[in-house]
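So the sequence lines, in the order shown, correspond to chains S and V.
All residue numbers for the first sequence refer to our numbering, where the first residue is 29 and numbers rise by one.
All residue numbers for the second sequence refer to our numbering, where the first residue is 29 and numbers rise by one.
Hint data in this document are derived by calculation from the structure and do not stem from the laboratory.
One thing to keep in mind: the hints can contain errors.
Okay, derived cross-link-like pairs now, DSSO-like style, lysine-lysine, Cα gap no bigger than 27 Å in a straight line [said to hold, decoys possible]: (1) Lys-141/V - Lys-148/S; (2) Lys-196/V - Lys-91/V; (3) Lys-58/V - Lys-177/V; (4) Lys-59/S - Lys-141/S; (5) Lys-58/S - Lys-148/S; (6) Lys-39/S - Lys-155/V; (7) Lys-59/V - Lys-196/V; (8) Lys-155/V - Lys-156/S; (9) Lys-94/S - Lys-177/V; (10) Lys-196/S - Lys-61/S; (11) Lys-148/V - Lys-39/V; (12) Lys-155/S - Lys-177/V; (13) Lys-91/V - Lys-177/S; (14) Lys-148/V - Lys-39/S; (15) Lys-94/V - Lys-61/V; (16) Lys-58/V - Lys-39/S; (17) Lys-156/S - Lys-94/V; (18) Lys-59/V - Lys-39/S.
Number of protein chains: 2
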Amino acid sequence: MSEILRRQIEKITPLTDQEFEYILSHFTLKKFKKHQILIQEGDTVQNDYFVMNGLLKASYLNKEGKEHIMQFAMEDWWITDYQAYFNQTEATFTIDALESTEVLTLSLYNREKLCADMHKIEHFFRKKSNNGYIALQRRILSLLNSNAKERYEQFISQYPTLLQRLPKTLIASYLGVSRETLSRLSV
Amino acid sequence: MSEILRRQIEKITPLTDQEFEYILSHFTLKKFKKHQILIQEGDTVQNDYFVMNGLLKASYLNKEGKEHIMQFAMEDWWITDYQAYFNQTEATFTIDALESTEVLTLSLYNREKLCADMHKIEHFFRKKSNNGYIALQRRILSLLNSNAKERYEQFISQYPTLLQRLPKTLIASYLGVSRETLSRLSV
Chain S
29 MSEILRRQIE KITPLTDQEF EYILSHFTLK KFKKHQILIQ EGDTVQNDYF
79 VMNGLLKASY LNKEGKEHIM QFAMEDWWIT DYQAYFNQTE ATFTIDALES
129 TEVLTLSLYN REKLCADMHK IEHFFRKKSN NGYIALQRRI LSLLNSNAKE
179 RYEQFISQYP TLLQRLPKTL IASYLGVSRE TLSRLSV
Chain V
29 MSEILRRQIE KITPLTDQEF EYILSHFTLK KFKKHQILIQ EGDTVQNDYF
79 VMNGLLKASY LNKEGKEHIM QFAMEDWWIT DYQAYFNQTE ATFTIDALES
129 TEVLTLSLYN REKLCADMHK IEHFFRKKSN NGYIALQRRI LSLLNSNAKE
179 RYEQFISQYP TLLQRLPKTL IASYLGVSRE TLSRLSV
């Protein structure tokens, strides 16, 4: 099942069987039940999570108890609290499982070791980070420029699979629109 | 003056004089006058820009003629239309000079060549991209969760230098608040 990780890396750089085995030896398989919490706000963050199957979300609970969603992650996506992970600070986000989920975890130590050992893995993670940066810029532009209807339409066209698997309340929190507005749009 | 670039790289990885000379040989010095346009929406994007002095902005003009600001860049910052640059597609953003500005330009070809030639430069750009990703996540959370007053206060504390150099209208466009709201906050 780790083949899904290999396919993702090989979209950017080819690997021998031996290289992939070496890479994989730096990851640990973990399983989480639906509703289980992987990271709680305030935790130190040990791992980045590569989702093999299932669905996770990273969210921020504000002082008034309102939840804002930073990120979802389904199969073939990565998720963690990146600020806390990279800077080894306390988590701002809570990460929990929306479905039962299997992940490959990668500690920061192992990530940096892999990147130092294998130039092609450093290349892979640079490319992934560049792509992530572009996606976040698009989301910022959407938050600055698009109304609720446009944001919802962009979400549907970007993530048709997610739409089927997420309750509308969570999509509304991700898009920064009210549940009521989204209901009017999605009938 | 290219020492500013060397210092930035050396915060992440040490360089010999020879290595830095080799790196620098992949950049080209360019000067832009105040108000000059570096990239126009619809252009193909050749370069990433490292600012040595001056001030640039990347903005999006929507159908109604409203300007949204994706990014500013002063000394020691990088700026381009990253989607267009990395994917070699047409620019969505316009980049122009708010002050007379000197930059070092890096083409995508030269960036990839440097990263392939020198593992430590791939490492540098991966780290920069990770930091950029974290900064954009913070900005998204601020757009989702913070009101105009909080956004303005975050901006002041993050970018005290920029505050002095930017007209309020541009700060308002960056924060996604109205000019009138910002005026009330900044008196």
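Hints versus structure:
1. Lys-141/V - Lys-148/S: holds, 14 Å
2. Lys-196/V - Lys-91/V: Holds - the C-alpha atoms of Lys-91/V and Lys-196/V are around 22 Å apart, at most 27 Å.
3. Lys-58/V - Lys-177/V: violated, 38 Å
4. Lys-59/S - Lys-141/S: The hint holds at about 24 Å.
5. Lys-58/S - Lys-148/S: Status holds; Cα separation ~26 Å.
6. Lys-39/S - Lys-155/V: Between Lys-39/S and Lys-155/V the Cα gap is close to 21 Å, so the pair holds against 27 Å.
7. Lys-59/V - Lys-196/V: holds, 26 Å
8. Lys-155/V - Lys-156/S: holds, 12 Å
9. Lys-94/S - Lys-177/V: holds, 19 Å
10. Lys-196/S - Lys-61/S: Answer holds: Lys-196/S to Lys-61/S is near 21 Å, not above 27 Å.
11. Lys-148/V - Lys-39/V: Holds - the C-alpha atoms of Lys-39/V and Lys-148/V are around 12 Å apart, at most 27 Å.
12. Lys-155/S - Lys-177/V: Measuring from Cα to Cα gives roughly 36 Å; hence the hint is violated.
13. Lys-91/V - Lys-177/S: With a Cα-Cα distance of about 16 Å, the restraint between Lys-91/V and Lys-177/S holds, given a limit of 27 Å.
14. Lys-148/V - Lys-39/S: holds, 23 Å
15. Lys-94/V - Lys-61/V: Cα-Cα ~24 Å, so holds.
16. Lys-58/V - Lys-39/S: violated, 35 Å
17. Lys-156/S - Lys-94/V: Roughly 32 Å separates the two Cα atoms, so the pair is violated.
18. Lys-59/V - Lys-39/S: violated, 38 Å
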